[in-house]
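Chains as they are written, first to last, in this note's numbering: chain W, 1 to 559; chain X, 1 to 559.
Be aware that a few hints might be false.
Unchecked claim - Only pairs whose alpha carbons sit at most 20 Å apart, straight line, appear in this in silico PhoX-like list of lysine-lysine:
1) X:K241 <-> W:K49
2) X:K104 <-> X:K48
3) X:K397 <-> W:K397
4) X:K397 <-> W:K551
5) X:K369 <-> X:K246
6) W:K558 <-> X:K452
7) W:K104 <-> W:K264
8) W:K555 <-> X:K397
9) X:K116 <-> X:K5
10) W:K397 <-> X:K555
11) X:K246 <-> X:K104
12) X:K77 <-> X:K5
13) X:K116 <-> W:K48
14) W:K48 <-> X:K558
15) X:K48 <-> W:K374
16) X:K358 <-> X:K369
17) W:K371 <-> W:K514
If you are wondering where the hints come from, they were derived from the structure by calculation, not from laboratory data.
These figures come from a predicted structure and were not determined experimentally.
Protein chains: 2
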Amino acid sequence: MVKRKFSLGLDFGTNSVRALIVDISNGEEIATHVRNYTRGKDGIFLDKKDPNVARQSPGDYIDGLEYACLSALHKAKKVKGFSKENIIGIGVDTTGSTPIPVDKEGISLAFNNKFKNNLNAHAWLWKDHSSHEEAEEITALARELHPEYLAKCGGTYSSEWFFSKILHCLRVDSEVFKNAYSWVELADFIPGVLTGNTNPLEIKRGVCAAGHKAMYNNEWGGLPAEDFLTKFDPKLAELRKRLYKKAYTSDIKAGGLSREYAKKLGLKQGIAVAVGAFDAHMGAVGAGVKPGTLVKIIGTSTCDMMVVPDKKRFSNIPGLCGIVDGSILPGYFGLEAGQSAVGDIFNWFVNLIGDNKKIVHVHKHLTEKAKDLKPGESGLMALDWNNGNRTILVDAKLTGLLLGQTLHTRPEEVYKALIEATAFGARVIIERFEEYGVHVKDIINCGGIAEKNAILMQIYADITGRPMKVSRSSQTCALGASMFGAVAGEGFARVEDAQKAMSGIKSIRYEPHKKAHEIYNQLYRLYLELHDTFGSDRQGNLKHIMKELLKIKNKVRKE
Amino acid sequence: MVKRKFSLGLDFGTNSVRALIVDISNGEEIATHVRNYTRGKDGIFLDKKDPNVARQSPGDYIDGLEYACLSALHKAKKVKGFSKENIIGIGVDTTGSTPIPVDKEGISLAFNNKFKNNLNAHAWLWKDHSSHEEAEEITALARELHPEYLAKCGGTYSSEWFFSKILHCLRVDSEVFKNAYSWVELADFIPGVLTGNTNPLEIKRGVCAAGHKAMYNNEWGGLPAEDFLTKFDPKLAELRKRLYKKAYTSDIKAGGLSREYAKKLGLKQGIAVAVGAFDAHMGAVGAGVKPGTLVKIIGTSTCDMMVVPDKKRFSNIPGLCGIVDGSILPGYFGLEAGQSAVGDIFNWFVNLIGDNKKIVHVHKHLTEKAKDLKPGESGLMALDWNNGNRTILVDAKLTGLLLGQTLHTRPEEVYKALIEATAFGARVIIERFEEYGVHVKDIINCGGIAEKNAILMQIYADITGRPMKVSRSSQTCALGASMFGAVAGEGFARVEDAQKAMSGIKSIRYEPHKKAHEIYNQLYRLYLELHDTFGSDRQGNLKHIMKELLKIKNKVRKE
Numbered sequence: 001m002v003k004r005k006f007s008l009g010l011d012f013g014t015n016s017v018r019a020l021i022v023d024i025s026n027g028e029e030i031a032t033h034v035r036n037y038t039r040g041k042d043g044i045f046l047d048k049k050d051p052n053v054a055r056q057s058p059g060d061y062i063d064g065l066e067y068a069c070l071s072a073l074h075k076a077k078k079v080k081g082f083s084k085e086n087i088i089g090i091g092v093d094t095t096g097s098t099p100i101p102v103d104k105e106g107i108s109l110a111f112n113n114k115f116k117n118n119l120n121a122h123a124w125l126w127k128d129h130s131s132h133e134e135a136e137e138i139t140a141l142a143r144e145l146h147p148e149y150l151a152k153c154g155g156t157y158s159s160e161w162f163f164s165k166i167l168h169c170l171r172v173d174s175e176v177f178k179n180a181y182s183w184v185e186l187a188d189f190i191p192g193v194l195t196g197n198t199n200p201l202e203i204k205r206g207v208c209a210a211g212h213k214a215m216y217n218n219e220w221g222g223l224p225a226e227d228f229l230t231k232f233d234p235k236l237a238e239l240r241k242r243l244y245k246k247a248y249t250s251d252i253k254a255g256g257l258s259r260e261y262a263k264k265l266g267l268k269q270g271i272a273v274a275v276g277a278f279d280a281h282m283g284a285v286g287a288g289v290k291p292g293t294l295v296k297i298i299g300t301s302t303c304d305m306m307v308v309p310d311k312k313r314f315s316n317i318p319g320l321c322g323i324v325d326g327s328i329l330p331g332y333f334g335l336e337a338g339q340s341a342v343g344d345i346f347n348w349f350v351n352l353i354g355d356n357k358k359i360v361h362v363h364k365h366l367t368e369k370a371k372d373l374k375p376g377e378s379g380l381m382a383l384d385w386n387n388g389n390r391t392i393l394v395d396a397k398l399t400g401l402l403l404g405q406t407l408h409t410r411p412e413e414v415y416k417a418l419i420e421a422t423a424f425g426a427r428v429i430i431e432r433f434e435e436y437g438v439h440v441k442d443i444i445n446c447g448g449i450a451e452k453n454a455i456l457m458q459i460y461a462d463i464t465g466r467p468m469k470v471s472r473s474s475q476t477c478a479l480g481a482s483m484f485g486a487v488a489g490e491g492f493a494r495v496e497d498a499q500k501a502m503s504g505i506k507s508i509r510y511e512p513h514k515k516a517h518e519i520y521n522q523l524y525r526l527y528l529e530l531h532d533t534f535g536s537d538r539q540g541n542l543k544h545i546m547k548e549l550l551k552i553k554n555k556v557r558k559e
Numbered sequence: 001m002v003k004r005k006f007s008l009g010l011d012f013g014t015n016s017v018r019a020l021i022v023d024i025s026n027g028e029e030i031a032t033h034v035r036n037y038t039r040g041k042d043g044i045f046l047d048k049k050d051p052n053v054a055r056q057s058p059g060d061y062i063d064g065l066e067y068a069c070l071s072a073l074h075k076a077k078k079v080k081g082f083s084k085e086n087i088i089g090i091g092v093d094t095t096g097s098t099p100i101p102v103d104k105e106g107i108s109l110a111f112n113n114k115f116k117n118n119l120n121a122h123a124w125l126w127k128d129h130s131s132h133e134e135a136e137e138i139t140a141l142a143r144e145l146h147p148e149y150l151a152k153c154g155g156t157y158s159s160e161w162f163f164s165k166i167l168h169c170l171r172v173d174s175e176v177f178k179n180a181y182s183w184v185e186l187a188d189f190i191p192g193v194l195t196g197n198t199n200p201l202e203i204k205r206g207v208c209a210a211g212h213k214a215m216y217n218n219e220w221g222g223l224p225a226e227d228f229l230t231k232f233d234p235k236l237a238e239l240r241k242r243l244y245k246k247a248y249t250s251d252i253k254a255g256g257l258s259r260e261y262a263k264k265l266g267l268k269q270g271i272a273v274a275v276g277a278f279d280a281h282m283g284a285v286g287a288g289v290k291p292g293t294l295v296k297i298i299g300t301s302t303c304d305m306m307v308v309p310d311k312k313r314f315s316n317i318p319g320l321c322g323i324v325d326g327s328i329l330p331g332y333f334g335l336e337a338g339q340s341a342v343g344d345i346f347n348w349f350v351n352l353i354g355d356n357k358k359i360v361h362v363h364k365h366l367t368e369k370a371k372d373l374k375p376g377e378s379g380l381m382a383l384d385w386n387n388g389n390r391t392i393l394v395d396a397k398l399t400g401l402l403l404g405q406t407l408h409t410r411p412e413e414v415y416k417a418l419i420e421a422t423a424f425g426a427r428v429i430i431e432r433f434e435e436y437g438v439h440v441k442d443i444i445n446c447g448g449i450a451e452k453n454a455i456l457m458q459i460y461a462d463i464t465g466r467p468m469k470v471s472r473s474s475q476t477c478a479l480g481a482s483m484f485g486a487v488a489g490e491g492f493a494r495v496e497d498a499q500k501a502m503s504g505i506k507s508i509r510y511e512p513h514k515k516a517h518e519i520y521n522q523l524y525r526l527y528l529e530l531h532d533t534f535g536s537d538r539q540g541n542l543k544h545i546m547k548e549l550l551k552i553k554n555k556v557r558k559e
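Take these sequences, add in the hints, and give me the full structure.
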């Protein structure tokens, strides 16, 4: 009997870290463990004075990593044919852009006694928006001097990203900035920790974080030009030298597992640790992304990802969050789109109306009631912008909208309208892909909502007019990470081979209903008018919107 | 010592009837009683199949009238100086347009065994909207043939009104229509009952109902022309002959109290019963309406009323619900505007989020929390159209809108945004008056919300930039009715004299805060853009709306 071989995937999410052990021959997930971060509120340090602040303790990453791995390994022990010896590689995905200021040795400044209570010395979590002014400034100057920088990231540089955050730190906390020898993305930090090579000048940085969030591109020789950075502050240009020159895809080995971590985890020293990447991108790989297949990860927000082989043709699609060579699958352009809030919008509404009731129950209750509503029956229409719009408007300064409410509008109607709004938003993204020649042949959904909410998935099928498939794995990010671990550990020659062996979809598949789709086509037209009038430059009158919604409502109710 | 003289005011509301006994020398309200209607849901018959239907049993009016009067009279007995003998007149106000199909003797068809279970034979409550198609038809034809008919009622004939309802009955229930010798407004029906003169050809019909809801105007010889009605159905034109030729102001005596009712109530036979009118109009009189004084009755919806002496100049103000000679104060043009929903919007939201909690508590809780929010702080903006827009758009086919919500938006912020939306709507009405030369020197508010909700009144002051006064009486409609009873009973020569003696305002007065007003001016500009783009013909782009709201929000939060 052939010895089974395994890979370890590590997935650093917003509130927790997951370790997953996978049989590389068939994708069987033999053991997993999730460890919640313990510091701050749900692992996040907030600032009462500034709702934009969201920081994390690198200590949580390091403690959580060890705890989750040991627990998963402990569970795996019971599985027949498993042996720690047979783990051939480790892959790592994380949130991002989540940059961490580090000293010359790559140690987080938060571990320095001097800075331990200073949030600016901690990890700047992806959803930290305190640097929105810097983001605007970078966008404005890039638009003027280097529009090519923006063309790869949707035309707008975000407050969530690497240089916005660092520039903000420079301006509000010169002490932290001065003491930060370099800044390292969490996705690069963890492989550094595991391989024992934390030297910021030597860590193998991932192209996914670099290309999506740090304006890194081979077209212009890597990171943005020194003279560009100088315009914001010469200190930023100096920092550039202490960042990196080259970034790598995640099929590359970042290094071997250090003696220290081999001992801690009981694994073989020297096994491959792959270059890190962002969670969604590895999630897309785990779900089986390939040319023509859109992978949607639907959670609090969404990431919508595709890959294209023909690099030149697709290198500029306006409104996409990222177009980066090798960011998803090595050898392909990774195209990343997304919605800034999906599950978060439903959670917001449930909190709004649910008060102190159990949120899960309210979700379930509303979903059940929404099930009986026909398309168009509520007369409501919403825009899914409670957290801004990531694709295709790339505008954080947009907010939610609900219209059509009467004195009889019920909570489940609003809830359903919010689900529909996110589905309309999803359709806008699909149409943008297709408009630029990226044909969407197939859609695979993953993430908690895709798995649990059949009603939502049906609405997505009805609104987009396309079948919705669901990934077999419920932990595609960690699964994707394990695939990269397997490739870096030489279990496969190419990531596509790992995908063939290790990924799959569920037997359930949501087919669009013709009649629902027709009504939703009418509603979608109205959605687009609102979308373009509030989010873009469309000039027009909207007097017909409420009236058409009432007309559809009355018609549907009579049927 | 001079004998005290009293008047009895009867106020027929949507769910109950109120009897009020007032000392005519000083307006002292010596006894009152409210009797809820007992049939249907809160006194209203609904139709599960058609949410537009709202009917009432005339039996509820008659039973309630007797019960409320006897109870109030019983309470008054304890008051020093009161004697039933000294009641000199009775005034009546009611909801409307609430037409009742009656036989040749003026008996409601609902009392006929044949029709007792037929809702079409009952009173068609003002808020019945089942005749919206007929309303559109009447509007369209009047616009073509008799635009002058519409000029007096806001440019659109409503489904809430007399001829829409009768035409609808004709079309859906020919049996009821055929058996209805005539149709009588509730405001005319009650004086008929009290005087014992129910003959539909002889009842003195009030000009308030006639002018506002039945297109009656002396300019064109009373009711709309026969050939106009023929175009809808010759039967409608025939009915015209069995309606009325002349309508009267409420200072006129409809007749003397009948022997039957004198006996039932223990009052003197023959005392004056004044011609009836609508609740809001008599409410305006009760609150002290006079040239330059806007009276706002704020309840589930609002009525905003003014009077103008210079009849010609103000006989056409677009968007007002009614411009009728003598409808409020005899000798003046009554100008009626209003908002289709105010308290109803707050109730809707509380029901939406409050589930099965006590509504009153949720209102109180939200109001308390909203108090601490600064103008602009929530970043929200709403349109107050959950029940359509009565003034100045006169469009029932408009619905609510809320925008600016983020993932952090809290219930009290939405609640306050809804209050603000109604205040913006109120400001639009004031500006429409002034735009047409009707100067608003003074605003007196009445109704439950005006009395109980100091926070709302302050917001109204801040948004309009005008002081808000509150009527002394908490039952201005019944008080106004008692004034007309007093005038018809010859206690005063003119209604203005009755007002001088019997009405007054509270010592509390809400002054606008300068800073709040300035911020609200910025918000009001945005409100108007939404108002005009969704409700009118404005062409434009709205991309700046959410951004400006965020800007104001951020600025206000930093202060």
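Pair hint outcome, K246 of chain X versus K104 of chain X [Cα-Cα no greater than 20 Å]: holds (19 Å)
Holds or violated: K558 of chain W to K452 of chain X, with C-alpha atoms at most 20 Å apart: violated (41 Å)
20 Å limit on alpha-carbon distance, applied to hinted pair K48 of chain X and K374 of chain W: Since the Cα atoms of K48 of chain X and K374 of chain W sit roughly 18 Å apart, the hinted pair holds (cutoff 20 Å).
20 Å limit on alpha-carbon distance, applied to hinted pair K371 of chain W and K514 of chain W: Status holds; Cα separation ~17 Å.
Pairwise hint evaluation, K397 of chain X against K555 of chain W, where the allowed Cα distance is 20 Å at most: Given pair K555 of chain W, K397 of chain X holds - Cα atoms ~15 Å apart, limit 20 Å.
Given pair status - K246 of chain X, K369 of chain X, alpha carbons within 20 Å: violated (53 Å)
20 Å Cα cutoff - pair K104 of chain W, K264 of chain W: violated (25 Å)
Pair hint outcome, K358 of chain X versus K369 of chain X [Cα-Cα no greater than 20 Å]: holds (17 Å)
Given hint K397 of chain W paired with K397 of chain X - CA-CA distance at most 20 Å: Violated: K397 of chain X and K397 of chain W sit about 30 Å apart, past 20 Å.
Agreement of K48 of chain W and K558 of chain X with the hint, judged by alpha carbon distance not exceeding 20 Å: holds (13 Å)
Hint consistency between K116 of chain X and K48 of chain W [alpha-carbon to alpha-carbon, up to 20 Å]: violated (65 Å)
Pair hint K397 of chain X and K551 of chain W, alpha-carbon separation not exceeding 20 Å: holds (9 Å)
Of the hints listed earlier, those the structure fails to meet are numbers 1, 2, 3, 5, 6, 7, 9 and 13, in rising order.
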